[in-house]
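Residue numbers (numbering that gives the first Met the number 0), protein chains in the order written: chain A, 0 to 901; chain B, 0 to 901.
None of these hints come from the bench; they were simulated from the model. Each residue gets a CB set at the ideal place from its N, CA and C atoms; glycine is no exception. No false leads were mixed into what you were given.
Reference excerpt, derived from the structure (chain B facing chain A, CB under 10 Å, subset only):
1. Ala677
2. Gly735
3. Phe801
4. Ile820
Each chain is listed here by its residues.
There are 2 protein chains.
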Amino acid sequence: MTKYVYFFGAGQAEGSATMKNLLGGKGANLAEMTNLGSPVPPGFTITTEACTYYDQHGKSYPASLKQEVEESIKRTEQIMGYGFDDPERPLLFSVRSGARQSMPGMMETVLNIGLTSKTIPAMIAQTGNERFVYDAYRRLITMYADVVMEKAAGREPTEEREIRKLLEHELEEMKKNRKVTQDTELSGEDLKQLSEKYKQIIRKEMGEPFPDDAFKQLWGGIGAVFQSWNGKRAVAYRKIENIPDDWGTAVNVQAMVFGNMGDNSATGVAFTRNPATGENVFYGEWLPNAQGEDVVAGIRTPNPINEAGKTEDTAHLPSLEQSMPELYRELDQIQQSLEKHYQDMQDIEFTIQNGKLWMLQTRVGKRNGPAAVRMAVEMLESGQIDKKTALMRVKPNQLDELLHPMVDPVEELKAKELAKGLPAGPGGATGQIVFTADDAEAWAKNKRKVILVRNETSPEDVHGMHAAAAILTAKGGMTSHAALVARGWGKCCIVGCSALKINVAKRELTVNNVTLHEGDWITLNGTKGRVYNGKLGLKDPDLENNEHYLKLMKVADEIRTLGIRTNADRPEDAGKARAFGAEGIGLCRTEHMFFNPERIKAIREMIVAENVEARRKAVMKLLPYQRQDFEGILEAMHNLPVTIRLLDPPLHEFVNLEEKQLLELASELKIDPDKLRARVQSLHESNPMLGHRGCRLGITYPEITEMQARAICEAAANLTAKGIKVCPEIMIPVVGELKEFEHQATIVRSIAAEVMKEKKVSFEYTVGTMIELPRACLMADKIGAEAEFFSFGTNDLTQTTFGFSRDDIGGFINDYIELRILPQDPFNSLDQNGVGQLVEMGVKKGRSANPRLKIGICGEHGGDPDSIDFFHRAGLNYVSCSPFRVPIARLAAAHAAIKNKK
Amino acid sequence: MTKYVYFFGAGQAEGSATMKNLLGGKGANLAEMTNLGSPVPPGFTITTEACTYYDQHGKSYPASLKQEVEESIKRTEQIMGYGFDDPERPLLFSVRSGARQSMPGMMETVLNIGLTSKTIPAMIAQTGNERFVYDAYRRLITMYADVVMEKAAGREPTEEREIRKLLEHELEEMKKNRKVTQDTELSGEDLKQLSEKYKQIIRKEMGEPFPDDAFKQLWGGIGAVFQSWNGKRAVAYRKIENIPDDWGTAVNVQAMVFGNMGDNSATGVAFTRNPATGENVFYGEWLPNAQGEDVVAGIRTPNPINEAGKTEDTAHLPSLEQSMPELYRELDQIQQSLEKHYQDMQDIEFTIQNGKLWMLQTRVGKRNGPAAVRMAVEMLESGQIDKKTALMRVKPNQLDELLHPMVDPVEELKAKELAKGLPAGPGGATGQIVFTADDAEAWAKNKRKVILVRNETSPEDVHGMHAAAAILTAKGGMTSHAALVARGWGKCCIVGCSALKINVAKRELTVNNVTLHEGDWITLNGTKGRVYNGKLGLKDPDLENNEHYLKLMKVADEIRTLGIRTNADRPEDAGKARAFGAEGIGLCRTEHMFFNPERIKAIREMIVAENVEARRKAVMKLLPYQRQDFEGILEAMHNLPVTIRLLDPPLHEFVNLEEKQLLELASELKIDPDKLRARVQSLHESNPMLGHRGCRLGITYPEITEMQARAICEAAANLTAKGIKVCPEIMIPVVGELKEFEHQATIVRSIAAEVMKEKKVSFEYTVGTMIELPRACLMADKIGAEAEFFSFGTNDLTQTTFGFSRDDIGGFINDYIELRILPQDPFNSLDQNGVGQLVEMGVKKGRSANPRLKIGICGEHGGDPDSIDFFHRAGLNYVSCSPFRVPIARLAAAHAAIKNKK
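In isolation and in its complexed conformation, chain A is listed as follows (with noise of 0.2 Å):
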């Protein structure tokens, strides 16, 4: 015969953490926590097969069920001395739902069943408490109302009658009629009443009475719960999670404990380590005479659990070790055997009841970044837990909080908010507000902190941006040029957040009603996207001596078979990349270098020429330029290779010029303003993205592609001669079809030929391409066959592939998003459904014609741990991502490379 019901309680159960799909998770843990000796209070686990039977057969229960039941209430009974509708020494039982899988918000829960006219008299006695007694009571028929009487009925709740609302609603009236504010100040009388008030309401709402007999609500509830695994939100979370129907849900039903109860009675929550340090000591808090939602709830300020976690604000409050020492030192003990089983930092739950305790919970607890680096090496180290396993406990996300200064957590807490916008660069920057470029660089040369802040940024804005300590800007996304720059940098950075309303000329800017002007402070937290008004306090990292970070990259490194580059553009941030485990440079971009003032005037000038000698001339005077940059990046990057893509964005980016500029470099180039405007308005497109860029420049203009690859192959020869090994990969952006690579290639090719042999030199370098369109993809066997390395270049292929602009999906993104359309912005993680199929497609396509070809990702995805995860299943050799990314690339590759192991 199938057994239904599981018992747990005094140190035994018939159940154990791997029987999950039986009894669910909750009802396993259980299970595993009394098996481990731990003072779980009784009860019994109603298995999923139960659930599923009474699917299966019209919503009856199997024959035996009743008396299983009836069997381990007997136990629970036993064990805890109370009898379950007992007038003289009552029971009470909470009702839980439990799945295989954990499924937040479709749980669930009646507390408090066995509360009856019979019963209540008794409770008050014991407890000497009728205000407690009748807060339970009607807290059980609203529960009772809602989930067994409506909800798990099926019965559709109107808008007119939704029960726990009309029982809400009369809660108010209550308070009102009283003159109260909070539930706490309604006395034991006014509970009663209410009580009364709510058994009429459900009466004449729902056409049958709240039931006054505890074996019925008991059933009631039992019912209820596999009902809800029917119930429409149910249904609908399992499609969108891929739950399968037939899994069904377990039924907790435990004795109640209360912490409530008198002196010696209490209730508290505690972690068996430190969660915000990771320090390797016992750390909660407890309260005397109190249920558990009050220490979470913040109305009573609770106190430390031992004398080791008092700090001078809590050194005057009794912890439990100093007033109920054994019972502390049971807790003790309780939270070591668990934290040695479940091999894991617990947080626990544990309710003292008339001198007796009892563990509610235990979960793994949540933990900050440097908390769970700290804990995972310290595991390792004492030989707890294993490399991997000490690897998977942490977040590669974490690492981020150990890599940016942040705003003091403290301070926040009490900071008031101004907006919110996209977390753009993560950590925390504190400054005063400037509104251009200029002024950036102006008043950080005067030893100033500032913040800029913008609607938009441009290349032009570059150098005010790297002068600020932090950007915000009003418009753009995740990917906006503010988020790349930005990130790249490492610098904190909020874009899109749409509630400022910037006026420049005024410089001043209004958010939400609040107005600032140019030198008022400011507080931005860059990775969680909050601004603050005025100056909060930030907390410094401090990399280079944090052992226990350096310790758990060097076993990720270990672990990891994707390579991790960086995206760098200046020799700085390549050395940083270097220092932060960077095996080389994915994408070293090159129009930056344009912008600064000397070279803008020849690539303006090349841009106006009227004929290929005068545009080879003007191309000409940057190559000296382009030399000495690609030789500090060349020589940063020593013995490792360095990525370097041609010349990329459309021309007009460089003639974005006002009407004065324009007259000025007209002047200075000596050409007609009239001339100078047509050709710049002949370089306007519709869509820039999909304009006139990448190796379409180069083949239209095969003289940048000339002035490119001379500069890096003469850097390339002359630190050769100085005896410094370099490997540069020169990569043709924008391609999508082969011969536009063979076109740019054999250039590339000859010229560094005619180098080598004007400089007596020899040195390797390849060439290859960036794969950034659905074409390059679907091309891919072709393109291979040619190109000696592929770039994914994930931004645009999601551009392309979606049709999506990332300068522009504000419009409608947001939607999309709480819609449910996407999961979330594909530029932030890879689409590994659609884009994803064009990702394996090139990698197969591509190793189908070579099957060496180097491949590697450099977008924005490339620091992104799930786009890892993906990149590291489709076969890719590295990945790319800015310098600040590089860690948590480190750490995503080895989780990854865990993960897939067959």
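For this one, chain A is given, so just place chain B on it according to the hints.
Same frame as chain A, now just chain B:
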């Protein structure tokens, strides 16, 4: 032993038309014509196998070749009654290459072989024409030096010593000395001197003399042809055309005949039917005592070949029929037998040498569109050819000539071409220049024919474009706004005419130093993209009475399996397309309907609305207009399906306002101009193509979808109530993800159910989607499970797959085509290799989810014959194109069915 030489002559040839692989195209045809009994000058073909032997054996000939050649020379001499290298009656040969497949531009030819100091005197004596003989001689020397001595010898001609140039320079010098401008003005003595000079130059430059030996000349020519197979040009050509290197070329050696040997000699070119009209009459031109090139060169006016071919202008000229009646009869019989044999109109060349008729060539004759249709239908009706052959005889694009008024070809020949642009809308038009849409409308109201000249057009110009006889723009490509709109209307249009410099303020334009003003007449040939100064005559089509066209179309419809629909937004266009044979509307855009002044106000009101209620109110003002639009179009297409696309363009297209208009609108809508300006600015997009458009609009503003769905459904209900059968197919644009489609389809379906209930009428409709993003193709298995139809939008799919903005490719597409990076503009003809993969994937995945999924295509490629062939192979159900492309698409679809028959 392998036979390497195939003789032909005197009615008998050793080869035939089936032996192209061995004899090459030319050799096989000469053999075939000989076998047909035509008097072909005798000769022989050296096989391609000899060429292969030559290549594989270090440039040496098969041992037996010499003897075979000598035997064939003897047979030729016997037939001609002349002897090669004979000092009395010398016979001359031509030597020509001839590969299996025509390779124009790499053909090597040497004429007049056999002219030496030994044979020249006899030639002069025979012809009595020293000038003729020395002219032939100096031509032989030039060709021989170039083809045999320099080119085939593999010498790399340098710029200084390219022998042909040196000799031509000498000719120029001679003409300068003689103070004449034409070669023909040089005397026999001059040419004799020139020949001597040539020989001196050759000896000096090439280090060896021009051979004065007939056989040496002959073998030199043969070897030159063989070597030319591996010349640089030929190898490059074969690589492009995928012709295997081991095919080799044949060599044709043929007796020379001369039509300029006196008054009983003549030459001519003729067609077996009239190539201009298709009429079944022998048609041609001839000249007495002349060479073939004289007829073609146009220096002498040729005579009509027969009495039937005489016109008013040529009535006074002697026909061959009059002048040489017997030879004419012989020729007439030959042409009849040739057409009968080849079953197609033949273009023939003949020469009469001393009263003897020689046939030099027969090949399929070129013809214009109307002629092609007439010949195909008449040959079908006479039983000469079957239906499939008749259909294949007309190129689909040739039908264009039947559909539009054309510039009078005679006038066009004489007209001054102002500039060239892209042929965006076919046909011809003449009119007075106007520079604004409003002017176009105003002038047209005054019954003036105008041509609207703009830098580019926008939706706000549509009224003026409609009023104009033609449209001419300086910017934009084949799928720019002007091109799309014009093509939809079948209106003459030229775009991207970059030579135009337009000054709207001055109402003038400058083009290649000509300045034209408002009101000046110009003429456009939109089929060729030519702009002419002044007013040229036009010729109107008369399709309804063109019985040949109607019959051909009927046969096409019998054969094709692909459905043909049209893209049309207005009832008039729909009606026109129906007359052209469209079987439904594949794309009815709804946005053009919004630009009417009354309506645009409502949509602007919607755009600036501050909340959902205000927005809904504004949107609903459009309901009656849209309902009326849909009633019109659904009624025009009763019984046929109409695919209506919901609103597609980004909202900023509707608020493209100048400051003055903005202020007016603000006062009209009673809102703060600053607020309006801010709203308009907030709608600005960096890349509108990838912006907030298509279903993204419908998702963020569901009330737009609701209004449009309601308008369609109410229109359908109203017509159904009147007994008119309607078949609306509601299309959700720019879908990339199933959930987008579901969101919109749910709205449409619930509105449809509501309307049917309200109106108590039931009608059929379907909801499908446009597949125009790479992601839609990648996810087509998911989307196909819910959508009732797919319609490929290959314009946008091309944009996103290539990352090409169709508005911006002007900057590089010409370079791309010149450099052969792309074979053609992918917006004109589908990129089958790249974008085609996505189309195939979309079809395969879509049908995997729903085998009965209806799939069409509504991009501009729907009217392109090559693309139609691809869509047929990809398994689409229909293509949809602009009304004037419908006949072309019908024929192209028939071609596809024939070509791809298994």
